[in-house]
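Build the full structure now, drawing on both the sequences and the hints.
FYI, in my numbering the residues of the sequence shown are 1 to 235.
Hint data in this document are derived by calculation from the structure and do not stem from the laboratory.
Virtual Cβ for every residue (Gly too), placed ideally from N, Cα, C.
Please note that a few of the clues may not be correct.
Restraint-style ranges between C-beta atoms, simulated for each label pair [as the list claims (entries may be wrong)]:
hint : residue 1 : residue 2 : range
1    : A70       : Q211      : 14 to 22 Å
2    : A101      : Q212      : 40 to 48 Å
3    : E78       : L53       : 18 to 26 Å
4    : A101      : Q230      : 33 to 41 Å
5    : L25       : M210      : 35 to 43 Å
Using 20 Å as the maximum straight-line C-alpha spacing, the simulated EDC-like pairs for lysine to aspartate or glutamate come out as follows [claimed, not checked]:
hint : residue 1 : residue 2
6    : K227      : E170
7    : K227      : D157
8    : K141      : D107
9    : K141      : E117
10   : K141      : D56
11   : K55       : D142
12   : K178      : D154
13   : K178      : E199
14   : K181      : E170
15   : K181      : E199
16   : K141      : D23
17   : K141      : E170
18   : K141      : D110
19   : K141      : D121
20   : K227      : D154
21   : K178      : D157
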Amino acid sequence: MKLFSWLRPAGPTLTAAQQQRLDQLPSAPTLGECSLREQRWVVVDLETTGLNLNKDVVLSIGAVVIEDGAIDFSQQFERTLQRNGHKLGPSVLLHGLGPSAIAAGSDPRDALLDFLEFVGDSPLLAFHAPFDQHMLGRALKDSLGYRLQHPFLDVADMAPLLCPQANIREAGLDDWIKWFKLQVFERHNASADAMATAELVLILFNRARMQQIHSPLNLQQRLSQWKRRQQSHSF
Numbered sequence: 001m002k003l004f005s006w007l008r009p010a011g012p013t014l015t016a017a018q019q020q021r022l023d024q025l026p027s028a029p030t031l032g033e034c035s036l037r038e039q040r041w042v043v044v045d046l047e048t049t050g051l052n053l054n055k056d057v058v059l060s061i062g063a064v065v066i067e068d069g070a071i072d073f074s075q076q077f078e079r080t081l082q083r084n085g086h087k088l089g090p091s092v093l094l095h096g097l098g099p100s101a102i103a104a105g106s107d108p109r110d111a112l113l114d115f116l117e118f119v120g121d122s123p124l125l126a127f128h129a130p131f132d133q134h135m136l137g138r139a140l141k142d143s144l145g146y147r148l149q150h151p152f153l154d155v156a157d158m159a160p161l162l163c164p165q166a167n168i169r170e171a172g173l174d175d176w177i178k179w180f181k182l183q184v185f186e187r188h189n190a191s192a193d194a195m196a197t198a199e200l201v202l203i204l205f206n207r208a209r210m211q212q213i214h215s216p217l218n219l220q221q222r223l224s225q226w227k228r229r230q231q232s233h234s235f
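Quick look at the structure:
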């Protein structure tokens with residue numbers, strides 16, 4: 001036994017079936033030179049108990065797939081995670097996740113394994129991705145001992161990069177929905193927000209191709225360059 005190993009907190013407890021599912025997951029992808037259209041993308045949105053990156057937890061996950069240049073309505077994901085002892089803020093109740101829905105939710109380990117199997121080796125997209133990436137990564141580590149390494153691109157950065165004429169930097173998802181005049185009939189739950197984000201992404205991919213951004217890797221590089229420019233201008 002290694003010295004002081006007893007001081008380390010124990011890892012999550014998984015059943016044999018859960019561990020087998022975890023072991024069979026594909027390796028995390030890297031973004032390549034295939035076309036944006038050829039790449040399978042997973043657009044994800046989370047509902048959480050709040051916005052504290054260290055204390056709040058994931059309550060629900062909604063996701064939809066973009067493949068072959070379109071939203072694949074046959075590939076949608078929605079899970080509510082069972083959480084005990086977590087205080088629910090007003091925003092949670094607004095999203096329709098009351099105590100009874102959360103009490104009836106799935107075991108977080110099973111829900112997160114379901115999500116990882118749904119994602120497979122696809123890159124992820126989200127609006128304000130750093131928050132979702134951090135919260136999802138923490139949930140996966142705490143519940144499964146899994147390290148999230150999938151590429152995670154931020155649609156909130158893609159939009160002003162590809163549509164600078166909009167002049168609405170630091171805008172929310174609703175602002176971009178309004179600017180593009182998208183017909184979105186439901187919002188503010190994880191699945192509906194993932195679908196709204198996916199509709200925005202399809203428009204942005206079209207703008208990307210018009211600007212000679214043809215591959216996922218190229219898009220990631222352009223986003224990195226754009227963010228560096230924004231940071232340098234802020235000083």
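Okay, the hints, checked on the actual structure:
{"no.": "1", "hint": "A70 <-> Q211: 14 to 22 Å", "in the structure": "holds, 21 Å"}
{"no.": "2", "hint": "A101 <-> Q212: 40 to 48 Å", "in the structure": "holds, 46 Å"}
{"no.": "3", "hint": "E78 <-> L53: 18 to 26 Å", "in the structure": "holds, 23 Å"}
{"no.": "4", "hint": "A101 <-> Q230: 33 to 41 Å", "in the structure": "holds, 39 Å"}
{"no.": "5", "hint": "L25 <-> M210: 35 to 43 Å", "in the structure": "holds, 36 Å"}
{"no.": "6", "hint": "K227 <-> E170", "in the structure": "holds, 12 Å"}
{"no.": "7", "hint": "K227 <-> D157", "in the structure": "holds, 8 Å"}
{"no.": "8", "hint": "K141 <-> D107", "in the structure": "holds, 15 Å"}
{"no.": "9", "hint": "K141 <-> E117", "in the structure": "holds, 16 Å"}
{"no.": "10", "hint": "K141 <-> D56", "in the structure": "holds, 14 Å"}
{"no.": "11", "hint": "K55 <-> D142", "in the structure": "holds, 12 Å"}
{"no.": "12", "hint": "K178 <-> D154", "in the structure": "holds, 19 Å"}
{"no.": "13", "hint": "K178 <-> E199", "in the structure": "holds, 12 Å"}
{"no.": "14", "hint": "K181 <-> E170", "in the structure": "holds, 18 Å"}
{"no.": "15", "hint": "K181 <-> E199", "in the structure": "holds, 11 Å"}
{"no.": "16", "hint": "K141 <-> D23", "in the structure": "holds, 14 Å"}
{"no.": "17", "hint": "K141 <-> E170", "in the structure": "violated, 30 Å"}
{"no.": "18", "hint": "K141 <-> D110", "in the structure": "holds, 14 Å"}
{"no.": "19", "hint": "K141 <-> D121", "in the structure": "holds, 18 Å"}
{"no.": "20", "hint": "K227 <-> D154", "in the structure": "holds, 11 Å"}
{"no.": "21", "hint": "K178 <-> D157", "in the structure": "holds, 17 Å"}
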